[in-house]
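In order, the protein sequences belong to chains A and B.
The numbering of the first sequence is this note's numbering, which starts it at 1 and goes up by one.
The numbering of the second sequence is this note's numbering, which starts it at 1 and goes up by one.
Careful: at least some of the hints might be erroneous.
Pairs of lysine-lysine residues, derived as DSS-like cross-links and limited to a Cα-Cα distance of at most 30 Å, are as follows [to be verified]:
#1 Lys111/B to Lys7/A
#2 Lys147/A to Lys58/B
#3 Lys7/A to Lys79/B
#4 Lys58/B to Lys146/A
#5 Lys146/A to Lys246/B
#6 Lys260/A to Lys231/B
#7 Lys201/B to Lys79/B
#8 Lys67/B to Lys79/B
#9 Lys155/A to Lys246/B
#10 Lys231/B to Lys79/B
#11 Lys231/B to Lys246/B
#12 Lys201/B to Lys67/B
#13 Lys201/B to Lys7/A
#14 Lys79/B to Lys66/B
#15 Lys246/B to Lys79/B
#16 Lys287/A to Lys112/B
#17 Lys155/A to Lys68/A
#18 Lys147/A to Lys272/B
#19 Lys246/B to Lys58/B
#20 Lys111/B to Lys287/A
#21 Lys68/A to Lys55/A
#22 Lys246/B to Lys9/B
#23 Lys201/B to Lys66/B
#24 Lys201/B to Lys111/B
#25 Lys287/A to Lys55/A
If you only want the chain B side, here are some residues facing chain A, beta carbon under 7 Å, derived [claimed, not checked]:
#26 Ile37
#27 Leu69
#28 Pro125
#29 His188
#30 Leu219
#31 Leu220
#32 Gln221
For each label pair, taking beta carbons as the anchor points, the in silico distance ranges come out as [what the hints assert, rightly or not]:
#33 Asn142/B to Asn237/A: 29 to 35 Å
#34 Leu141/B to Trp51/A: 37 to 43 Å
#35 Ser7/B to Met188/A: 15 to 21 Å
#36 Phe105/A to Pro73/B: 32 to 38 Å
It is worth saying that the hints were derived from the structure and are not from the lab.
Ideal Cβ positions, reconstructed from N, Cα and C, are used throughout, including at glycine.
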Amino acid sequence: MTNQLLKSEARTAYLCLLPSIIGLVVLTYIPLAAVFGLSLFRWEGVGVPQWVGLKNYVRLFSRDPYFKDAICATVYFAFLSVVGSMVYSLFVALLLNRQIPARGFFRALFYLPYVLPAMAVYIGWSWLYETNFGLFNYLLSLVGIKKVMFIGSSKMVIPSLALITVWLSGNLIVIFLAGFQNVPRIYMEAAETDGANAWQRFWRITIPCMTPIIFYNLLMSLITNLQVVTPALALTNGGPGNSSCFLSYLMYVYAFRNGKLSYACAIAFVSFLLIGVFTLVLFATSKTWMFSAGGDD
Amino acid sequence: MARNLKSKKRQERIANHVTLVVLMVLSAIVMLPIWWIFRSSLMSNGELFEWPPTFLPKRWLFSNYKKTLEFYPFWKYLKNTMTIILPAVLGGTITATMGGYAFARLRFPGKKFLFSLCIGSMLLPTMVTLIPLYIMWTRGLNLVDSYLPLILPYFCGGGAFNIFLIRQFISTIPRELDEAATIDGAGHFRILVSIIMPAIKSAMIVVALLLFIQMWNDLLQQIIYINSDSKFTIAIGLSQFKGSLKSDWSAIMCATCMSFVPGVVFYLLGQKYFVEGIVMTGMKN
Numbered sequence: 001m002t003n004q005l006l007k008s009e010a011r012t013a014y015l016c017l018l019p020s021i022i023g024l025v026v027l028t029y030i031p032l033a034a035v036f037g038l039s040l041f042r043w044e045g046v047g048v049p050q051w052v053g054l055k056n057y058v059r060l061f062s063r064d065p066y067f068k069d070a071i072c073a074t075v076y077f078a079f080l081s082v083v084g085s086m087v088y089s090l091f092v093a094l095l096l097n098r099q100i101p102a103r104g105f106f107r108a109l110f111y112l113p114y115v116l117p118a119m120a121v122y123i124g125w126s127w128l129y130e131t132n133f134g135l136f137n138y139l140l141s142l143v144g145i146k147k148v149m150f151i152g153s154s155k156m157v158i159p160s161l162a163l164i165t166v167w168l169s170g171n172l173i174v175i176f177l178a179g180f181q182n183v184p185r186i187y188m189e190a191a192e193t194d195g196a197n198a199w200q201r202f203w204r205i206t207i208p209c210m211t212p213i214i215f216y217n218l219l220m221s222l223i224t225n226l227q228v229v230t231p232a233l234a235l236t237n238g239g240p241g242n243s244s245c246f247l248s249y250l251m252y253v254y255a256f257r258n259g260k261l262s263y264a265c266a267i268a269f270v271s272f273l274l275i276g277v278f279t280l281v282l283f284a285t286s287k288t289w290m291f292s293a294g295g296d297d
Numbered sequence: 001m002a003r004n005l006k007s008k009k010r011q012e013r014i015a016n017h018v019t020l021v022v023l024m025v026l027s028a029i030v031m032l033p034i035w036w037i038f039r040s041s042l043m044s045n046g047e048l049f050e051w052p053p054t055f056l057p058k059r060w061l062f063s064n065y066k067k068t069l070e071f072y073p074f075w076k077y078l079k080n081t082m083t084i085i086l087p088a089v090l091g092g093t094i095t096a097t098m099g100g101y102a103f104a105r106l107r108f109p110g111k112k113f114l115f116s117l118c119i120g121s122m123l124l125p126t127m128v129t130l131i132p133l134y135i136m137w138t139r140g141l142n143l144v145d146s147y148l149p150l151i152l153p154y155f156c157g158g159g160a161f162n163i164f165l166i167r168q169f170i171s172t173i174p175r176e177l178d179e180a181a182t183i184d185g186a187g188h189f190r191i192l193v194s195i196i197m198p199a200i201k202s203a204m205i206v207v208a209l210l211l212f213i214q215m216w217n218d219l220l221q222q223i224i225y226i227n228s229d230s231k232f233t234i235a236i237g238l239s240q241f242k243g244s245l246k247s248d249w250s251a252i253m254c255a256t257c258m259s260f261v262p263g264v265v266f267y268l269l270g271q272k273y274f275v276e277g278i279v280m281t282g283m284k285n
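Isolated chain B (complex conformation) (with noise of 0.2 Å):
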């Protein structure tokens, strides 16, 4: 008995270090088209276009970095951007976690239906609405070229996949927790404040990033409602600069790179809570 269970440790032993490898390996794939991208923005364009190719650039010109922003405005796509992003994930995290709230705690007529309505939006496609809303931003609330039709919708409950998450989240708490503030005289408001938000801090966190990732992805929704170069973000300014320069493929890497960093340094701040906030909320159903 003792010594099978010493093989059957030995046997998992091996296994995790089978795993290791092989995530070792694949980690090594997935982050060869990164990389490639960074020695690409390094090298010159005579470099680039040799052949074979090399993995490491001859000369590691940073340099390049500093000629793409001369004619590349980084800075001002990036301040653009941010006055997009930034309140519409604020707005879309506060909205999302009182709904969540209202779905996992409070009892009011209506609950259930507003349930399944909201859920049945998870499974509509958003390209649908596409074209009505913006006939209603442009012609009915005559919003052209501004960033609001890009904002606003945040503010209206940040996607029922988050609702969701955050309802299923609030469910885990104790609800002896809430009870006994009751007892104290606080409202429902006070406690969602002071007792539920601490609590689900992770989930509003996962909530944010998700957001984030899907404004930042969100090219179609900005080439529409964008329209004059000053307003430009930082996915219609990278487009416009690849179709401006052709082939400066170092100039265009390095634009490349330097739009990866924000979304890369804001989920390094919020990884710590990501997946636990994922699992916290036993996406069960």
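Excised from the complex, chain A in its bound form (with noise of 0.2 Å):
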């Protein structure tokens, strides 16, 4: 008897799991394992595939010109971005968890940014860029600085994307928010009846409980940074120069205006391991500063 119950139990969670383990199967797993065997022939997206071995890596380190600023350009860019936009999704967080009037409207507006399409504020922010009517130079025209070519100098045009990033973080607020909001109120009534001050408290209650949510964020938002591909189509087309092509870029302009598209399969692949390399790092490092309050669910 039980046992039958059991086993229509499971039946019922695999047909519940059927969409999802098409999905990681079909769409997932098996495009992973395709852009690895891909990456090994020449393919330009008519005839049959030719082996070629690793010549398209070899090629890619050896003599391709984009490449290396790529990976550069990429990096920078997440460095940049997921500092920022910790920094101040975490700051935003901590000042929206106080008791204040009028929260729910400050949680909603600095939200605002992140449901916005990525196209339109791309161009929005190109305009607020411009070098000689837009805001930011009228801003620092104020305060007495001579004009910069935020998105047509080299030089600037990553920072200025990093900036666009940060300013669209309000997912990673609304996440830390709910981590602070999870902290057990048990823990800071027995430091306050200690003696703790405030200070005190937020170094070593608050801090220490928010690990795992700071982990989990400056986790998703490195994986995700990595993968920037978005303002380099909307707004910078790799430019000025290929300051701004990024590792994805890249990928999408070999693959589909160029149709290379097993070339870009090794790219795509390398980027694959770049991210993997960052996320095994930060996963190795964690153990040392990650706060675990015992026993894992």
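Mind assembling these two chains? They're in different frames, but the hints should get you there.
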């Protein structure tokens, strides 16, 4: 009897999970294998793929004129964006966590940029960054700084794009806020009774309890930003020069503008490895700073 | 002791005032870009290219919008975008709920393995699988210039994060509820539909909103899969529009502002559930 019940339970479970399993297998793990497989061939979308072994990779690392710059641009952008948006969103979440009037209103306000469509955001910001009549150069002129080419100069373009990413990081704020609200009250009260001041409570209780959330946000924003492609698609076309030609954008250009599908697969796989290395490093170091309340669920 | 408590209360009050002021300044800074874009959409081009620029338009030219709509088919683009987004959001929310339910409540062989596959895929960059999927949809299934490659993936679980979110949320609901229903003879599907789903409404709204935003922002895939003008979405349409106008910034800003609206409306509708939804999941790991 119980056996039969369990069987029917399992049947329901598989039925419920069927779409997700199809998604995982057909849309995620098989394509992952395929991207590596395809990168070992030479194929431009027509004809029979030709086996070339690791030649695509050799070419990428030795002769490709854009590849190294693309890696640098991607890592630089990801670094600025991750650090900037982590600091910004943690700070805002901290403020929003206090008992203040109109909290819901402020929360909605800081989240707002995140719900705007990316294309519109970048077009809007390109006007703000406009060299002669844009908002930012106007604000700079008020404090006596000379005009800056934000998007037009290869030195400024990456920091300028990273600033937009920071502005868009409302989702991190919400997750931090959720984390703050899950810090056990009991710890706080106990510390207060023991005479810990607000500063001590923050550093000794809030932050340690928050480390898993910080880790999660750090990991997710790192993965997202290392895949950056939208600003290049929407705003810069990889320029000026190739200073904002991110790895994913380079892949897009090779695959969909030049038709070099298998070569682009090699870039995709390198990008996968790059993100994998960063993820592993983050996981490995997390043991030293992540606080765990003992026992996982 | 009483005095101590009083001064502490005062301290707290001062801290809250300071917080409020800092928040007001910060939110003004955060809103400034949106205001600037909006104010630009109400100016004439002559006024836009004046120095120094002003924060308020001299005259609020709402007629700019009417003029822009004459050569920018916003409604068509909106309709196209919604044709993709609505079914995808629906499919993603439902399949994520089903998956989350199975992981949270049901016992079956291979559960741990499947769950780690699922969480593992969260770490997997979507860019990596782009080309094989493109080949599969356009060569394998011959879906060229079609919305289906953009919609169908969302019927396959709606993403690992969303499944995880639903699972966490369901685990906060007391099991006694399901057990009572089981005794009354309800099957697992009945429990899911008539007990679990009403109880996790806010989590489902969060998932729907997250999916909406995700698709809204997915410029790359839209560019790859959609070719013909008549099928353009807001994102592609906007970039075409900007490319064709170059320096008519007033019209470009009108088009930009218009495309802000649907996301904001959708967000404001679901806002109430949003943070509470994420808080409830307990996002602990």
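Do the hints match the structure? See the list:
no., hint, in the structure
1, Lys111/B to Lys7/A, "holds, 14 Å"
2, Lys147/A to Lys58/B, "holds, 25 Å"
3, Lys7/A to Lys79/B, "violated, 45 Å"
4, Lys58/B to Lys146/A, "holds, 27 Å"
5, Lys146/A to Lys246/B, "holds, 25 Å"
6, Lys260/A to Lys231/B, "holds, 26 Å"
7, Lys201/B to Lys79/B, "holds, 27 Å"
8, Lys67/B to Lys79/B, "holds, 20 Å"
9, Lys155/A to Lys246/B, "holds, 24 Å"
10, Lys231/B to Lys79/B, "holds, 10 Å"
11, Lys231/B to Lys246/B, "holds, 23 Å"
12, Lys201/B to Lys67/B, "violated, 42 Å"
13, Lys201/B to Lys7/A, "holds, 29 Å"
14, Lys79/B to Lys66/B, "holds, 19 Å"
15, Lys246/B to Lys79/B, "holds, 25 Å"
16, Lys287/A to Lys112/B, "holds, 23 Å"
17, Lys155/A to Lys68/A, "holds, 17 Å"
18, Lys147/A to Lys272/B, "violated, 43 Å"
19, Lys246/B to Lys58/B, "holds, 24 Å"
20, Lys111/B to Lys287/A, "holds, 26 Å"
21, Lys68/A to Lys55/A, "holds, 17 Å"
22, Lys246/B to Lys9/B, "violated, 58 Å"
23, Lys201/B to Lys66/B, "violated, 39 Å"
24, Lys201/B to Lys111/B, "holds, 25 Å"
25, Lys287/A to Lys55/A, "violated, 38 Å"
26, Ile37, "holds, 4 Å"
27, Leu69, "violated, 16 Å"
28, Pro125, "holds, 5 Å"
29, His188, "holds, 4 Å"
30, Leu219, "holds, 5 Å"
31, Leu220, "holds, 6 Å"
32, Gln221, "violated, 10 Å"
33, Asn142/B to Asn237/A: 29 to 35 Å, "holds, 30 Å"
34, Leu141/B to Trp51/A: 37 to 43 Å, "violated, 26 Å"
35, Ser7/B to Met188/A: 15 to 21 Å, "holds, 19 Å"
36, Phe105/A to Pro73/B: 32 to 38 Å, "holds, 35 Å"
Checked against the numbered hints given earlier, the structure breaks hints 3, 12, 18, 22, 23, 25, 27, 32 and 34 and satisfies all the rest.
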